[in-house]
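J.: Work out the full structure: start from the sequences and follow the hints.
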Amino acid sequence: MMRSFRDLSLKMKFLVIMLVFMAVMSASVSLLLFYQEYSLPKIFIAALCVILIALTFWVVLYIYDQYIIRPINRLTVAMDRIGSGNFDFSLDVNSTDEIGWLGRSLQEMARNLEITITSREASRMGAVERHVTRASDLKYRQILDSITDMVLVKGPESKILWANKAFCDFYGMTVEQLQGIIDSPVNKPDYTQQYIKDDAYVFSQGRVLDIPEEPVTRYDGEVRIFHTVKYPIFDEHGRVIMSVGVSTMISPK
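Going by numbering that gives the first Met the number 0, the first residue of the sequence shown is number 0, and it counts up by one from there.
If you're looking for bench data, these hints aren't it; they were derived computationally from the structure. Please note: incorrect hints may appear among the correct ones.
Unchecked claim - Calculated lysine-lysine pairs in the BS3-like style (CA-CA distance at most 27 Å, straight line):
#1 K196 - K158
#2 K138 - K158
#3 K164 - K196
#4 K164 - K187
#5 K164 - K138
Unchecked claim - Simulated restraints on C-beta separations:
#6 Q176 - S118: 36 to 44 Å
#7 L112 - I195: 51 to 59 Å
#8 D136 - M248: 24 to 32 Å
#9 T173 - S250: 45 to 53 Å
Since the model is a prediction, treat every value here as computed from it, not as a measurement. Ideal Cβ placement from N, Cα and C applies to all residues, glycine included.
T.: What follows is the structure, encoded as structure tokens:
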């Protein structure tokens, strides 16, 4: 019975409450008429009417509190939690009336809000991290550009990824022009082949390679001798993903 009443709409609940109240009032009037017809003691009829009306009011208030006031209070508490940013809550929304529908909608809204806020926060943190990373990259590039040694970063297959200012000046090329190529077209093919072999060793062995003397052709065709050290750079799985070469000029050839 209680389960069936809980599933009624709010309009039907109020209608049932009013019908109960009207039925009690009708019963009270009937008792008064019965008293007039059979001349029953007034105190008996009055006491019976008071008890009947009081019991009716108690039942009406209980139903109103149990199925209307308390669910609304739970919804109010849930909305306060959502307003304070607390989306971890549960509601007893087993009824199929308007309050139950509102409770389920509120829970769904809380889940969607949590997903949206979490996604936006992650996006914001990602933007902050990217900004910090770009700032850090710029700072480190400025540091590398300030040194006189040539610094060259290569990826797989000896493809150039980045070079500092000293290297760009020696080759007479910009970073954008160097990216994606293996070597400068002015360099001697034999020199380039040796660079490729050295890079392959660093990638395959994952070890530092120290080259005491390495010839490099400048952009104007002059050859200089460098002491070069190539270092492997690993990813989180221990695989070599790039190499960094630092070359110090020893003397002209």
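J.: Need the status of pair K164, K138: alpha-carbon distance at most 27 Å?
T.: holds (14 Å)
J.: Does the hinted range 45 to 53 Å hold for T173 and S250 at CB?
T.: At roughly 27 Å between Cβ atoms, S250 and T173 fall outside 45 to 53 Å, so the hint is violated.
J.: Keeping to a limit of 27 Å between CA atoms, is the pair of K196 and K158 held or broken?
T.: holds (13 Å)
J.: Kindly confirm whether 24 to 32 Å is satisfied by the beta carbon distance between D136 and M248.
T.: holds (26 Å)
J.: Next pair to validate is K164 with K187; report whether the Cα-Cα distance is within 27 Å.
T.: Answer holds: K164 to K187 is near 22 Å, not above 27 Å.
J.: For the pair we were handed, K138 and K158, check the Cα-Cα distance against 27 Å.
T.: holds (24 Å)
J.: Regarding the pair K164 and K196, is the alpha-carbon distance no greater than 27 Å?
T.: This hinted pair holds, its Cα atoms lying about 25 Å apart.
J.: Per the hint of 51 to 59 Å, is the separation of the Cβ atoms of L112 and I195 within bounds?
T.: holds (56 Å)
J.: Does the Cβ pair Q176, S118 satisfy 36 to 44 Å?
T.: holds (40 Å)
Hint compliance for this structure: hint 9 alone is broken.
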